[in-house]
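Novice: Protein chains in written order, with the numbering used here: chain A, 1 to 65; chain B, 1001 to 1588.
What the hints contain is simulated information worked out from the structure, not anything from laboratory work. Be aware that a few hints might be false.
As the list claims (entries may be wrong) - Looking from chain A toward chain B, a few residues come up when the C-beta cut is under 8 Å (computed):
1. 4
2. 17
3. 34
4. 53
Said to hold, decoys possible - Some residues of chain A that are not near chain B, with every Cβ distance over 12 Å (derived):
5. 21
6. 23
7. 33
8. 35
9. 45
10. 50
11. 57
Each residue gets a CB set at the ideal place from its N, CA and C atoms; glycine is no exception.
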Amino acid sequence: MPWIERTVSWHDLGVEYCDVTGQLLPKRYWSFEVDGRTLKAVEPRYEDLYLEYLREAPAADFAGE
Amino acid sequence: MPDPVALRILHSQFVNICEEMGIATMRTSYSPIFSEGLDFCCMILNPAGELVAMQNLNPAMTGQALYSGRWVVDDVGVDNFQPGDVVIHNDPYRGGSHMPEHLVITPFFYGGKLRGWLCNIAHVAEIGGMAPGSFSANATEVYQEGLRLPPVKIEERGEPVRDVWRIMLANHRTPDHSWGDFNAMIGSLKVGARRLESLFDEHQPEQIERAIPALFDYSETWIRRDIAELADGTYSGEDSQEDDGFEQRQYTLRADLTIDGDHLLVDWSRTDPQARGAINAPYPVTASATYTGIFQVIGSGAPFNSGAIRPIDIVARPGTVVNVRHPGACVGGQTELQPRIVELIQGKILSQVAPERTSAASGGTSGNFLFGGVHPQTGQYYTNYHFEGMGWGGRAETDGNNAQIVPHGNCRNTPVEVFESRYPWTVHEYRLNDDAGGAGRTRGGLGITRILEVEADEITVSALCDRSKISPWGVQGGLDGDRLAYLVKQVGSDEFLPFSKAFGTVSDTKFSNVILRRGDLVMLHSPSGGGYGSPLERDPEKVADDVRNRFVSLESARDVYGVVLDENGMVDAGATDVRRQELTDAVD
């Protein structure tokens, strides 16, 4: 999956969070799909972190909340 | 890889620049929290916003140092920075820690090219909001905590952006101090830029730009090696904040730390949902505390930069007390939740794999006491953010420190002389608490008691602290330390009372805007550290020394440490052996 460039209007002060770590999501983020869901992450290595750890830790799965 | 010695020298040169920026801040600021408390941190980032070096001053700001500058550059857009621009920012929902801490950041250009960023993060003592000192324990939304600034330019091409300055100063209760303190921060950036320019002159930019990634790799390798020496596995622990100022219920932090080879993951997902009150933390605060807890155990001597954290991942679920969602209040996360996180990581979790490198709990609160009003001698409005010293936890080989500011902050206390000359209080008492440190093979450090008298017709006070119900815990058989108590004795009363009894506040430790009158007394009794190891293993000579110093009472020496002293205060070895056996038998 690709890097995605987010366009944010200057008057939009809302933020989004990384679906894996909870960090702020930068304007350019990494997108990947798991089990039919599209997740947003700060960088590609968090896709591996999700697959290797968080997928098996239900409490940590806050993607899309 | 370049020569490691050359890398270390370059790293030290970067750190020295940050230190000099800090000295400039300290010497030119207006507020005691800068000049005495040193509640700030200076740093250098590379063009991508990654941390190259920071001042060895304030671990509480580590998370901001690592993330906030990068996020601000992303938010503003690198192409929107010109030489001489300074951007200011304090938004906890856009990378800040809590609203009083402001980041100023300026680009560093050399030879017409962006080479990095210089930053200063500092706790500004008063930024408006519902309580003087901008530290309201009763805030439920960030909007009540002061003026929130997304990243905006405060200087453009070296000239002040007057409209932004005027909005800021109009919303602060003590604008003269804000003016001085912000200019101290901006001045430090200019000092840093001059020094960095000299460094680039000395080494040539291409050399430095090759060395920085090598420095990151050097630190990463060091940390991976240290992690790999720890036993693989998942280790868990929890600790709690005793209330949030609104409800008498605890908020529990739960961490699962997984060591897998040379990688370390800290998962906070099982932590309680965010509180209504102001004890929540944004991600950078949780990151600061988590890294500080880890680096108290591993990585000693490694250059700290963005490379050092590559082997460590932190997961903090949004909407919990460790990653507050907008618009939750969060001023207390930096000062109260952060020490709890640091000590949970090192004292309860990493102690399971490396007990010899960890400690018992410290007092674990910044003891925030805020006040403001019109000074009777000057007619001027004043405010102050006062943090209090306390005892640190006992460690494997040494006792906890006495009367020091919370370990994650490294800040200094404000001398009584400065305090009394600036504010209408008289300090009647300032002493170590007797017999308060958690007993152990190494003893918990002692908290302090300070008694203040109001010397104005009225002073508005607030507090945001913790550890009045949950004691600082001992480890490895050590006992708990003494708890915090902030009390008040009003004129006409003959006893000190908790603020809940005297003024009907929900919490004894988290309240805002209580009005005190001339002659009222406040007692700040700070917590003491927990003990490490069994008190029956403490060297009897050290116990005798503690008794001579009045750190430990004769009764505690006999009944807790099992040490019997003769009439001259010397250890009675035979009686001590008997007493220790009695105490051992009683436990068995």
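Novice: Now tell me, hint by hint, if it's right for this structure.
Specialist: Going through the hints against the structure:
1. 4: 14 Å, violated
2. 17: Since the shortest Cβ distance to chain B is 5 Å, the answer is holds.
3. 34: 16 Å, violated
4. 53: 6 Å, holds
5. 21: 5 Å, violated
6. 23: Given that some Cβ of chain B is not farther than 12 Å from that of residue 23 (chain A), nearest at about 6 Å, it is violated.
7. 33: Non-interface label stands for residue 33 (chain A): nearest chain B Cβ at 20 Å, farther than 12 Å.
8. 35: Fine: 18 Å to the nearest Cβ keeps residue 35 (chain A) off the interface.
9. 45: 9 Å, violated
10. 50: Answer for residue 50 (chain A): violated, closest chain B Cβ roughly 10 Å.
11. 57: Violated, because the least Cβ-Cβ distance between residue 57 (chain A) and chain B comes to about 7 Å, which does not exceed 12 Å.
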